[in-house]
Amino acid sequence: MSHRSPRKSSSFQYFLAGGSLLALVGLLADFRTSFEARPVSNACQEVVQPQSVLSRDELSQLLAVPERDAKATVQAIVSDPYCRLAPVEIRQGVVAEREVYPLAFDPQTWFVLLYEGEEYAGYSFVFQK
Amino acid sequence: MLGTPSYFRSRQRPATSPSFLSWAGVAIALLLASCQSSPPSIEPRQVHVQQGWELQPGGSIAGYPIVAGLGDVSIRLRGDALYAPFDGNVEPAEAEDCVIFSSPKVPAYLLRFCGLARPRLGEVVQGDRIGSGRILHFATLRKQPDGTWALVEPSLRLIETALTPP
Numbered sequence: 001m002s003h004r005s006p007r008k009s010s011s012f013q014y015f016l017a018g019g020s021l022l023a024l025v026g027l028l029a030d031f032r033t034s035f036e037a038r039p040v041s042n043a044c045q046e047v048v049q050p051q052s053v054l055s056r057d058e059l060s061q062l063l064a065v066p067e068r069d070a071k072a073t074v075q076a077i078v079s080d081p082y083c084r085l086a087p088v089e090i091r092q093g094v095v096a097e098r099e100v101y102p103l104a105f106d107p108q109t110w111f112v113l114l115y116e117g118e119e120y121a122g123y124s125f126v127f128q129k
Numbered sequence: 001m002l003g004t005p006s007y008f009r010s011r012q013r014p015a016t017s018p019s020f021l022s023w024a025g026v027a028i029a030l031l032l033a034s035c036q037s038s039p040p041s042i043e044p045r046q047v048h049v050q051q052g053w054e055l056q057p058g059g060s061i062a063g064y065p066i067v068a069g070l071g072d073v074s075i076r077l078r079g080d081a082l083y084a085p086f087d088g089n090v091e092p093a094e095a096e097d098c099v100i101f102s103s104p105k106v107p108a109y110l111l112r113f114c115g116l117a118r119p120r121l122g123e124v125v126q127g128d129r130i131g132s133g134r135i136l137h138f139a140t141l142r143k144q145p146d147g148t149w150a151l152v153e154p155s156l157r158l159i160e161t162a163l164t165p166p
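Taken in sequence, the protein lines are chains D and C. If you're matching positions, the first sequence starts at 1 in the working numbering and goes up one per residue. If you're matching positions, the second sequence starts at 1 in the working numbering and goes up one per residue.
Per label pair, the in silico range of CB-to-CB distance: (1) Arg118/C / Ser55/D: 42 to 48 angstroms; (2) Leu156/C / Cys44/D: 24 to 30 angstroms; (3) Pro145/C / Ser79/D: 22 to 28 angstroms; (4) Pro66/D / Asp80/C: 37 to 43 angstroms; (5) Gln126/C / Gly117/D: 23 to 29 angstroms; (6) Thr109/D / Ile61/C: 44 to 50 angstroms; (7) Leu156/C / Ser79/D: 32 to 38 angstroms; (8) Thr73/D / Leu156/C: 28 to 34 angstroms; (9) Ala150/C / Ala70/D: 15 to 21 angstroms; (10) Asp69/D / Glu123/C: 27 to 33 angstroms; (11) Asp80/D / Glu96/C: 45 to 51 angstroms; (12) Gly63/C / Ser60/D: 49 to 55 angstroms; (13) Ala43/D / Asp146/C: 30 to 36 angstroms; (14) Arg118/C / Ala86/D: 27 to 33 angstroms.
Covered by chain D, according to a simulated footprint, are these stretches of chain C (three or more residues, beta-carbon under 8 angstroms): (15) 104 to 117; (16) 143 to 152.
Which residues of chain D face chain C? A few of them, derived with a C-beta cut under 7 angstroms, are: (17) Glu89; (18) Ile90; (19) Val126.
Since the hints were made in silico from the structure, they are not lab data. Don't be surprised by glycine CBs; every beta carbon is placed ideally from N, CA and C.
Please work from the sequences and hints to get the whole structure.
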């Protein structure tokens with residue numbers, strides 16, 4: 001008849017408990033990071049042209065337009081935007097308009113143009129999650 | 001046997017007692033969890049200000065650090081918080097005690113906040129608390145065709161949004 005050593009059995013139980021605790025902490029840490037990763041809100045205020053996308057050619061032309069060029073220069077390259085974001089005022093007394101174009105080759109990525117009056121101020125890419 | 005004297009029982013406890021093992025397990029778990037959750041270090045963002053004034057945040061004069069310069073709006077926060085005015089990203093600036101806020105939804109602009117204690121870095125959404133401080137130095141920068149950033153006058157609404165809890 002064989003007897004298991006009580007000391008070995010006890011160590012194994014604590015090893016098991018420690019391992020479970022470790023797994024639980026790891027799981028909680030994962031949950032926490034998933035809660036932290038919040039998607040960027042990209043609410044359009046007004047959808048202008050639902051089918052509008054930006055081609056590679058249009059994108060390369062736009063990237064060559066310097067900031068502070070005329071808005072008309074940019075609008076000669078692109079057609080109507082997919083949508084407009086809400087106007088914002090960053091500089092005192094100047095309202096900025098923002099127009100959104102999804103990329104034709106990557107619709108989850110938006111190309112955002114910002115205008116101030118008749119001036120083109122700049123662009124950025126918004127990567128939707 | 002009615003009982004073992006307490007001093008004798010303590011001498012019989014093995015060196016690696018179960019309680020020691022459990023505490024060691026907890027300690028290791030916490031250590032691993034803290035390693036996992038520590039955010040990656042973020043490199044300071046280099047921003048070349050168009051107005052190349054001599055006295056700018058990050059510089060010093062007579063051995064004293066300069067914490068604000070021309071173009072900064074200084075606001076007595078009295079320890080209150082500053083909030084993200086848009087969804088965006090907070091990066092450390094080259095100047096000590098300053099951070100750069102950018103938003104892909106607001107192209108061509110950067111905001112520089114100096115004077116915040118332990119600012120929150122990384123991705124934030126509008127209304128997130130970025131940090132708090134005694135005096136905030138707030139600067140708005142607009143992108144220029146040559147790649148530099150010009151200090152411009154920030155809108156009152158923008159500052160109010162950043163100072164008002166959501």
